[in-house]
Amino acid sequence: MPVIIKNTPFEPYQSLQQYEKKTLCQNNAIGASNIFIGTMRDFNEGDQIKIMTLEHYPGMTEKQLNNIVDKAHQQWTLIDSLIIHRVGDILPNEPIVLVATWSSHRGDAFDACRFIMENLKSKAPFWKKERLIDEQERWVLSNTDGYHKT
Amino acid sequence: MPVIIKNTPFEPYQSLQQYEKKTLCQNNAIGASNIFIGTMRDFNEGDQIKIMTLEHYPGMTEKQLNNIVDKAHQQWTLIDSLIIHRVGDILPNEPIVLVATWSSHRGDAFDACRFIMENLKSKAPFWKKERLIDEQERWVLSNTDGYHKT
Amino acid sequence: MSIKIRYFASLKDYIGHSDDEIIYEKTLTVTQVWDLATQKKMKPQNTLVAVNMDYVSWDDTVNDHDEVAFFPPVTGG
Amino acid sequence: MSIKIRYFASLKDYIGHSDDEIIYEKTLTVTQVWDLATQKKMKPQNTLVAVNMDYVSWDDTVNDHDEVAFFPPVTGG
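Protein chains in written order, with the numbering used here: chain V, 1 to 150; chain U, 1001 to 1150; chain D, 2001 to 2077; chain A, 3001 to 3077.
Rather than coming from a laboratory, the hints here were simulated on the basis of the structure.
Some hints here could point you the wrong way.
What the hints assert, rightly or not - In silico BS3-like cross-links for lysine-lysine, where the CA-CA straight-line distance does not exceed 30 Å: (1) 1006/U <-> 2040/D; (2) 3026/A <-> 129/V; (3) 1021/U <-> 22/V; (4) 1123/U <-> 1063/U; (5) 129/V <-> 3004/A; (6) 1063/U <-> 21/V.
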């Protein structure tokens, strides 16, 4: 159930491949995994974004994410889970977050992955600052609810 | 929106990496992707499974999967989607199915991926036959509902 | 009227072969196709039917050159 | 009683610095900590507060050596 905060880019599929090879390789009970990847878009609120800076609260981030993961493992039958989250400067197209859940049954994998993601969005102390193409900077004001269509 | 039926093993993360590199590389509007991977377990109904054979109805499989994908793209705002499904002989730990959705917003990616997966489970003409460790063979009788905990 | 019939998975085992063809004069429902092709063999519970690769119900009618497929509940994914 | 205070993101910009410390004799609520540390600066709407890295409400009390953090709604993921 690792929670990893990274200040350098990561390749999500390679990270997953390596993690499974190292940790889950011989686990034949895994029947389902669900993976969410959040990527930086180059547009937000109608403006083109040049770069994004992700600030966080070291210590509290890990504490909150571990709480969320613990709750997910209590609520659903999971074999394992993984969170990777970027901090620092992020360019368009770069992955910001990866959440993965491994389970015997798909209902658990789907539900838990979404639960972790929604809770991460509302509770983990990360803040995005966008730098526009004209060098203007602005804080992103709030996250939307992922259960409703936007 | 490719739908791929394969009679040889595939590596899901490599397939995704290659697909994104080839097809989605320069699409900076992607903010969210959700991926489901279904893997063969070595146990079912309390018995150890040696090998599984996936029969399908060529032509109808593709037609039904494309219908499902079309419906998903009508119902949610998706940039792209991908389905890969194995047929033939499958060994424990090998991936059976991969469903991926790419969108600007996470709600769409999550909902559409699950919609495709549940519809695939209930409508795509695939049938699993299990060969047990004692060489006994049996057809899997039905799929469970993935929205309920099993 | 010529109708091609296919059986899949456990239903193929049950029928004993994978294909049939029936030639008939009048319009048939799916149920009638089953009865003619299988000589009124008992239909296993939950048997599904597709005409030209689309799901249909047992009361639907079948046209010349249609492909009718019978199979058990699907178990992919 | 010594309390460490931290501000993050837009709230750090608003306050003008990232850290404060207050020494005080009696037990304080989170609201009182804010008022003392910021000299009753107006609290931006939706400001969140954590004590020792757990979310708390503004009426909760603060203990000696606690770390109190103020920040705007989170926008990770």
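Hints, verified against the model:
At roughly 37 Å between alpha-carbon atoms, residue 1006/U and residue 2040/D are farther apart than 30 Å, so this suggested pair is violated. Only pairs whose Cα atoms come within 30 Å are accepted, and residue 3026/A paired with residue 129/V is rejected, the gap being roughly 38 Å. Distance restraint check for residue 1021/U and residue 22/V: the Cα-Cα separation of roughly 25 Å lies within the 30 Å cut-off, and the hinted pair is therefore satisfied. Proposed proximity of residue 1123/U and residue 1063/U is supported: the alpha carbons are some 11 Å apart, at most 30 Å.
A hinted pair counts as satisfied when its Cα atoms are at most 30 Å apart, and residue 129/V with residue 3004/A qualifies at roughly 25 Å. Restraint check for residue 1063/U and residue 21/V: the C-alpha separation of about 35 Å exceeds 30 Å, so the hint is violated.
Consistency note: the structure conflicts with the earlier hints numbered 1, 2 and 6.
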